[in-house]
Amino acid sequence: MADPDGNGASGETLLRFRDDEVHDEPAVTLDAFAAQDDATAVRLEAGDDARALLPALDRLRLIEVSFPSFRDGRGYSAAAILREAGYRGELRAAGDVLVDQLASMRRCGFDSFAPEAPIDADTARAALARYPLPYQAAADGVAPVWRRRHG
Amino acid sequence: MYRYDEYDQANVDARVEEFRDQVARRLSGAMTEDQFKPLRLMNGLYLQLHAYMLRVAVPYGTLDSRQLRMLGHVARKYDRGYGHFTTRQNIQFNWIKLADAPDILAELATVEMHAIQTSGNCIRNISSDQYAGAAADEAVDPRPVAELIRQWSTFHPEFSYLPRKFKIAVIAADEDRAAMRLHDIGIKLVRRDGVIGAEVHAGGGMGRTPMIASKIKEFVPLAQLMGYLEAALRVYNRYGRRDNIYKARIKILLHEIGAEAYAAQVEAEWAAIRDTGIDPPAAEIDRIAAMFAPPPFDTAAPDAVDRSDPDFAVWLDQNVAAHKAPGHAIVTVSLKPVGGIPGDASADQIDLIADLAQRFSHDEARVTHAQNIVLPHVRKADLHTVWSALREAGLAEPNLDLVSDIIACPGLDYCSLANARSIPLAQKIGQRFAGRERELGELKLKISGCINACGHHHAGHIGILGVDRKGTENFQLLLGGSGAEDTSLAKITGPGFDEDGVVDAIERVTDHYLRTRDPGERFLDTYRRIGMQPFKDVIYG
Numbered sequence: 001m002a003d004p005d006g007n008g009a010s011g012e013t014l015l016r017f018r019d020d021e022v023h024d025e026p027a028v029t030l031d032a033f034a035a036q037d038d039a040t041a042v043r044l045e046a047g048d049d050a051r052a053l054l055p056a057l058d059r060l061r062l063i064e065v066s067f068p069s070f071r072d073g074r075g076y077s078a079a080a081i082l083r084e085a086g087y088r089g090e091l092r093a094a095g096d097v098l099v100d101q102l103a104s105m106r107r108c109g110f111d112s113f114a115p116e117a118p119i120d121a122d123t124a125r126a127a128l129a130r131y132p133l134p135y136q137a138a139a140d141g142v143a144p145v146w147r148r149r150h151g
Numbered sequence: 152m153y154r155y156d157e158y159d160q161a162n163v164d165a166r167v168e169e170f171r172d173q174v175a176r177r178l179s180g181a182m183t184e185d186q187f188k189p190l191r192l193m194n195g196l197y198l199q200l201h202a203y204m205l206r207v208a209v210p211y212g213t214l215d216s217r218q219l220r221m222l223g224h225v226a227r228k229y230d231r232g233y234g235h236f237t238t239r240q241n242i243q244f245n246w247i248k249l250a251d252a253p254d255i256l257a258e259l260a261t262v263e264m265h266a267i268q269t270s271g272n273c274i275r276n277i278s279s280d281q282y283a284g285a286a287a288d289e290a291v292d293p294r295p296v297a298e299l300i301r302q303w304s305t306f307h308p309e310f311s312y313l314p315r316k317f318k319i320a321v322i323a324a325d326e327d328r329a330a331m332r333l334h335d336i337g338i339k340l341v342r343r344d345g346v347i348g349a350e351v352h353a354g355g356g357m358g359r360t361p362m363i364a365s366k367i368k369e370f371v372p373l374a375q376l377m378g379y380l381e382a383a384l385r386v387y388n389r390y391g392r393r394d395n396i397y398k399a400r401i402k403i404l405l406h407e408i409g410a411e412a413y414a415a416q417v418e419a420e421w422a423a424i425r426d427t428g429i430d431p432p433a434a435e436i437d438r439i440a441a442m443f444a445p446p447p448f449d450t451a452a453p454d455a456v457d458r459s460d461p462d463f464a465v466w467l468d469q470n471v472a473a474h475k476a477p478g479h480a481i482v483t484v485s486l487k488p489v490g491g492i493p494g495d496a497s498a499d500q501i502d503l504i505a506d507l508a509q510r511f512s513h514d515e516a517r518v519t520h521a522q523n524i525v526l527p528h529v530r531k532a533d534l535h536t537v538w539s540a541l542r543e544a545g546l547a548e549p550n551l552d553l554v555s556d557i558i559a560c561p562g563l564d565y566c567s568l569a570n571a572r573s574i575p576l577a578q579k580i581g582q583r584f585a586g587r588e589r590e591l592g593e594l595k596l597k598i599s600g601c602i603n604a605c606g607h608h609h610a611g612h613i614g615i616l617g618v619d620r621k622g623t624e625n626f627q628l629l630l631g632g633s634g635a636e637d638t639s640l641a642k643i644t645g646p647g648f649d650e651d652g653v654v655d656a657i658e659r660v661t662d663h664y665l666r667t668r669d670p671g672e673r674f675l676d677t678y679r680r681i682g683m684q685p686f687k688d689v690i691y692g
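If you read the sequences in order, they're chains A and B.
Take 1 as the starting number for the first sequence in the numbering used here and just add one per residue.
Take 152 as the starting number for the second sequence in the numbering used here and just add one per residue.
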């Protein structure tokens with residue numbers, strides 16, 4: 001799994017929903033990223049402004065968003081903002097990520113997960129399949145029910 | 152009324168199965184209580200002093216007879232034969248077993264009901280005007296917009312872990328019957344050049360730091376409202392405080408940065424997302440609105456009512472309001488019998504209300520934030536029949552908006568947060584003023600058993616706050632609040648009292664009011680005219 005410094009994912013507990021290779025460059029802090037114009041991986045703390053990354057989205061391959069507690073929902077907005085701005089690289093939720101939050105995180109655009117405590121793959125699969133008919137449009141692109149109702 | 156289609160039903164059914172799985176994982180020990188707590192809370196399941204409490208959502212307070220009967224059934228089968236209607240137009244069952252909760256949710260789902268987002272740090276049940284669709288003074292029926300917001304906010308992926316709970320009210324009349332400006336977001340629907348839109352208020356709330364919402368937007372066309380709300384919630388989700396739960400509500404954010412700054416941030420966020428396809432098309436708004444079309448009112452219904460029965464006439468004057476359709480009236484069923492528990496209804500009473508709603512009110516009933524039930528569409532010719540049935544069931548107390556129409560939280564009899572018992576105090580006050588309520592006129596009395604203010608004491612013409620003073624229950628008295636369109640926050644009179652002492656103090660206040668009032672003046676108006684000091688003098692002098 002991802003180590004606490006965010007040095008990329010190496011272990012089995014990384015849950016990933018992408019086909020490309022795991023990006024192995026270490027994720028740097030937002031401050032460090034601002035000073036390093038060649039970094040391609042960055043880690044956002046819960047209080048960081050995701051919009052600070054918008055000018056650099058083209059060169060980013062991995063954005064890791066920290067969840068210090070599963071109750072801290074700021075990372076959902078960070079993810080939504082990054083996807084709305086067109087970010088296509090890996091968006092990873094790291095930290096206190098629990099199985100019951102996976103579906104909402106996927107909807108907001110996260111496509112990889114580095115949970116502190118391992119998540120059982122079958123439970124995760126069931127949780128992600130639970131709500132196939134969302135009410136809202138979101139970053140996952142799944143049609144909201146109003147679109148299904150009206151075409 | 153709104154009816155579920157296959158998509159709505161699928162979501163509610165999925166929630167039942169999800170919760171069944173979560174309860175199983177909790178009972179097996181696979182999940183800790185700490186991890187389970189936010190999940191059960193998002194299904195309305197609280198752990199109280201004696202048992203689990205299940206809070207069932209009544210979206211914008213609207214129910215049909217089938218749903219009411221289900222609530223009666225749940226009360227009988229899984230509780231102790233009664234339920235408690237709340238200030239957020241929901242119903243709570245106070246004696247629930249954890250292992251039964253999934254079955255209860257499954258039964259509720261069969262009548263399009265659920266407990267989704269009735270707790271937790273998410274967008275809660277949308278509240279509205281209990282006279283919606285019946286009042287003559289509304290610009291439009293607010294419930295289709297409330298339903299639109301219900302759908303947008305249900306399982307909203309970005310807003311399930313907000314800094315704190317988030318309450319939205321929608322009204323559409325000048326007279327505010329839903330305490331709109333005491334919500335995190337309060338929406339008043341207005342018509343501008345033939346277009347329906349929302350006047351948006353934010354940052355209201357009660358709790359330990361009561362605040363009245365500020366207007367942050369004059370007009371958002373309905374077609375863009377979900378995008379605007381998404382922006383408003385996103386700003387709050389990102390910048391609301393998370394370091395202290397007592398400072399985590401949106402009102403503190405607005406207080407700290409200023410309503411104008413918050414409004415400007417929402418505007419900027421809205422500009423970034425308004426064209427990203429958040430808002431449903433007009434066809435969806437029309438689909439929902441069509442389900443709230445007025446029922447087929449009897450256009451030949453006579454206007455005359457036989458008032459020869461004096462008890463009936465009293466009830467008629469107090470608990471029956473004008474309806475927009477000729478020959479019809481709005482009936483408030485009082486859940487405040489003298490000496491009773493405010494908001495409680497037995498399973499048999501709930502069944503009776505269901506029968507009356509079905510036979511005499513186009514199959515509709517509403518829950519009010521003052522913890523009563525409304526039959527919104529009753530033919531005047533049927534009023535006497537309805538009254539007779541209600542009276543037999545102890546539901547015809549003619550006390551709407553009078554001193555015994557008390558809002559009270561469950562208090563220390565049930566709630567693990569409470570410092571003091573609200574219910575026995577409400578009962579004593581009701582008994583003290585029995586027979587004198589109408590002489591006192593409109594007097595909204597509200598009791599909270601702790602500083603969290605679930606009993607809306609800040610908005611009471613007379614408010615009572617129970618506190619713990621060196622290990623004994625103590626009651627502070629407040630005067631001058633209002634949750635109506637003339638919203639104001641009540642002020643504390645001074646040192647608190649014991650239970651009997653606060654009842655005496657209220658009587659001194661009301662006696663002074665009776666001596667001092669101008670003709671036709673409500674208690675609140677007298678208070679506003681003469682101020683706090685004369686009341687302090689009679690209480691403490």
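To be clear, the hints were calculated from the coordinates, so they are not data collected in a lab.
A few of these clues could be false.
Said to hold, decoys possible - If you want the footprint, here are the derived chain B segments under chain A, 3+ residues with CB under 8 Å: (1) 455-462; (2) 587-593.
Claimed, not checked - Here are a few chain B residues that face chain A, going by a calculated C-beta distance under 8 Å: (3) Y153; (4) K248; (5) G682; (6) P685.
What the hints assert, rightly or not - Away from chain B, derived, C-beta distances all over 10 Å, residues of chain A: (7) F17; (8) H23; (9) D37; (10) D72.
Beta carbons: idealized from backbone N, C-alpha and C, even for Gly.
Can we keep the K248 (chain B) interface hint, with Cβ of chain A closer than 8 Å? Violated, because the Cβ-Cβ distance from K248 (chain B) to chain A comes to roughly 22 Å (cut-off 8 Å).
Find the nearest Cβ of chain B to the Cβ of H23 (chain A) and say whether that gap is larger than 10 Å. The claim holds: H23 (chain A) sits with its nearest Cβ about 25 Å from chain B, beyond 10 Å.
Is it the case that F17 (chain A) keeps its Cβ farther than 10 Å from each residue Cβ in chain B? It holds; F17 (chain A) is separated from chain B by about 15 Å at its closest Cβ, greater than 10 Å.
With 8 Å as the cut and Cβ atoms as the points, is Y153 (chain B) at the interface with chain A? violated (13 Å)
Taking the closest Cβ pair, is G682 (chain B) under 8 Å from chain A? violated (44 Å)
Under a C-beta cut-off of less than 8 Å, do 3 or more residues of the segment 587-593 of chain B approach chain A closely enough to confirm the stated coverage? Since three or more residues must qualify, the claim that chain A covers the segment 587-593 of chain B is violated, with 0 doing so at under 8 Å.
Quick one: see if chain A covers the segment 455-462 of chain B, three-plus residues with Cβ-Cβ under 8 Å. violated (count 0)
Just double-check D72 (chain A) for me: nearest Cβ-Cβ distance to chain B has to come out over 10 Å. Violated, since 6 Å does not exceed 10 Å.
Decide, holds or violated, for the assertion that all CB atoms of chain B are farther than 10 Å from the CB of D37 (chain A). holds (25 Å)
Given P685 (chain B) was flagged as interface, is its beta-carbon under 8 Å from a beta-carbon of chain A? Status violated, d = 48 Å.
Hints 1, 2, 3, 4, 5, 6 and 10 from the earlier list are contradicted by this structure; the remaining hints agree with it.
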